[in-house]
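Those sequence lines, one after another, are chains H and E. Going by the working numbering, the first sequence runs without a break in its numbering and finishes at 336. Going by the working numbering, the second sequence runs without a break in its numbering and finishes at 661.
What the hints contain is simulated information worked out from the structure, not anything from laboratory work. Incorrect hints may have been included.
What the hints assert, rightly or not - Pairs of lysine-lysine residues, derived as BS3-like cross-links and limited to a Cα-Cα distance of at most 25 Å, are as follows:
1. E:K656 - E:K601
2. H:K318 - H:K333
3. H:K96 - E:K444
4. H:K318 - E:K531
5. H:K333 - H:K305
6. H:K96 - H:K261
7. E:K531 - H:K131
8. H:K290 - H:K313
9. H:K96 - H:K318
10. E:K444 - H:K318
11. E:K555 - H:K313
12. H:K128 - E:K355
13. H:K63 - E:K355
14. E:K444 - H:K305
15. E:K656 - H:K128
16. E:K531 - E:K555
17. H:K131 - E:K656
18. H:K307 - H:K290
19. E:K444 - E:K369
20. H:K307 - E:K531
21. E:K601 - H:K313
22. E:K444 - H:K298
23. H:K180 - H:K214
24. H:K261 - H:K132
25. E:K555 - H:K128
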Amino acid sequence: MVNKDAVPDLSDEQLKELMRRMVYTRIWDQRALSLNRQGRLGFYAPTAGQEASMLASHFAMEKEDWLLPSYRDIPQLVFHGVPLVKAFLYSRGHFKGGQYEGVNALMPQIIIAAQCTQTAGVALGLKKRGKKNVAFTYFGDGATSQGDFYEGLNFAGTYNAPAVFISQNNRFAISVPVEKQTAAKTLAQKAVAAGIRGVQVDGMDPLAVYVVTKEARERAIAGEGPTLIETLTYRYGPHTTAGDDPTRYRSDELTNEWEQKDPLIRFRKYLEGRNLWSKEEEEATVEQAKEDIKAALKEADQTPKQKVTDLIKIMFEKLPYNLQEQFDEYSKKESK
Amino acid sequence: MAQMTMIQAITDAMRIELKRDENVLVFGEDVGKNGGVFRATEGLQDEFGEDRVFDTPLAESGIGGLALGLAMQGFRPVMEIQFFGFVFEAMDSIASQMARLRYRSGGKYHAPVTIRSPFGGGVHTPELHADSLEGLFIQTPGVKVVIPSNPYDAKGLLISAIRDNDPVIFLEHMKLYRSFRGEVPEGEYTVEIGKANIVREGSDVSIITYGAMVQTSLKAAEKLAEEGIQAEVIDLRTISPLDVETIVSSIKKTNRAVVVQEAQKQAGIAAHVIAEINDRAILHLEAPVGRVAAPDTIFPFSEAESVWLPNENDVIEKVKATINF
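Extracted from the complex, chain H is given alone in its bound form (with noise of 0.2 Å):
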């Protein structure tokens, strides 16, 4: 069932557009669980359930808004414009994988909510800037215990600023509930404290989170402050690769239950619903994924290997005394 009052106004292209970076998401996640299996990726932080709740809000961005995410919102990066190769560069630890090119955003943000304040600090830059452009972030359940969160949502409050937080509430912080995590009945609710708009939204649905963030957006535009939205959402796979083994804190059938309102099977429903998907379509994505994986992946691995030269040059514009002379003595080590 669809309320036809609340869906948004997309074209067809547009919606399958976004079916197809839903299903291309999470082709690429079951492919980076196998491949941080084989050795050939590292760090990564699953993303399949989350489709709806991170790639419909990332829809609502433009290409010229500012994106601070956190480090499970690679997919928004790479849909906001950073290539395929850097998310796998990051992900194995290369510095290259932080080298951003005409995109704006920042690199994923591993201090839980630490994102929230520089958001303020981005949005408030616009502002001044006079741009009719809005700085979205991202983070989890978790971060909204956080100082950082609330002092974010509090400065962007403050100086008006056009900025967009999404929390991506998943239900666990690592292991811990959000129930043990605030006696807030929802997280959109803290907005109160700070004086700005709080919105929940089924985070599973793709249309409804487009909705909300797109509304977000147009009133952060228009003057009317930042928003607070908490996506209602659920990660089926650990909370990464590093040896989180999510049997030890929550049941197979609570994830059962929330596997039944997977966005994707979910928004190719409705799609199909309208002759607007087939088949070959998801076909045809899931193939595109396949070899994009496959040629980001070869690309990664013709980069050349980072040196620690690298990162000393990168230090600071100008090397002071210690580091050149580190950087002298990593040369000759290097260039044996």
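Since the structure of chain H is provided, determine the placement of chain E on it from the hints.
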């Protein structure tokens, strides 16, 4: 040439840079209408407007994050941490975020942020206002740390810090704010970051110091001169990166050194200076390098400050021990 206190020189530097570069923004707690709790930003909001000089909510981590975000939009933020004892609240935003921005982006982004903050003992502040925490930041890759000892240097170094394309922590010793005036040229000039200054020449011993201890060391040097000991006093001005050349060439001349810091002894700037001397000039030494520092306690409650803080007698004693070794 105008006679200014150090705080007037600091305000002057910010005024010049606000005027020169429209990307310069000055912000922090109480810096707007109030002109800062020490009046360092006095009159700047009136002159440049609330868009350029503004108050922030009371949250140091937020201030640091705001600075990084504004830097990403091409601004040149000058943020104030109201007292340096509060910097732990902003530690992530400085050490984990802006200090790493250039590196994490593979050299694509940078954070031209100046972090101004009052620090230093001897003015009977409440707890956690006076602590000398500069040592934390010489162990923080990706930031520079500048500590002026007089009005002339304060202005020239602050202008350099604001123009620097990497994060600079600019620490203002509270005792120096209004304790004396010095000649300060009008208009813009810079003092290079990373260059020490020989504030007194001498041939018998090199006293290497910074901040308020420069005055203390100069007083000690005068008294030592009365006893026929000629001390050279080096004001480091920048503690990260160090100016090892000036230190080493002075030691080659004097063959003796004493390092003086107001901060606690363990793993401080003095320890680092001594290690550099060990690496670069040990064969020129006639005696072990002396160290004057505060004890390794929490910064004391204010009644004990005057005993706890190193003073000129401590410097004189240590110099004599080094000479008579």
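Which numbered hints does this structure break?
The structure breaks hints 6, 7, 8, 11, 13, 15, 17, 18, 19, 20, 21, 23, 24, 25; every other hint is satisfied.
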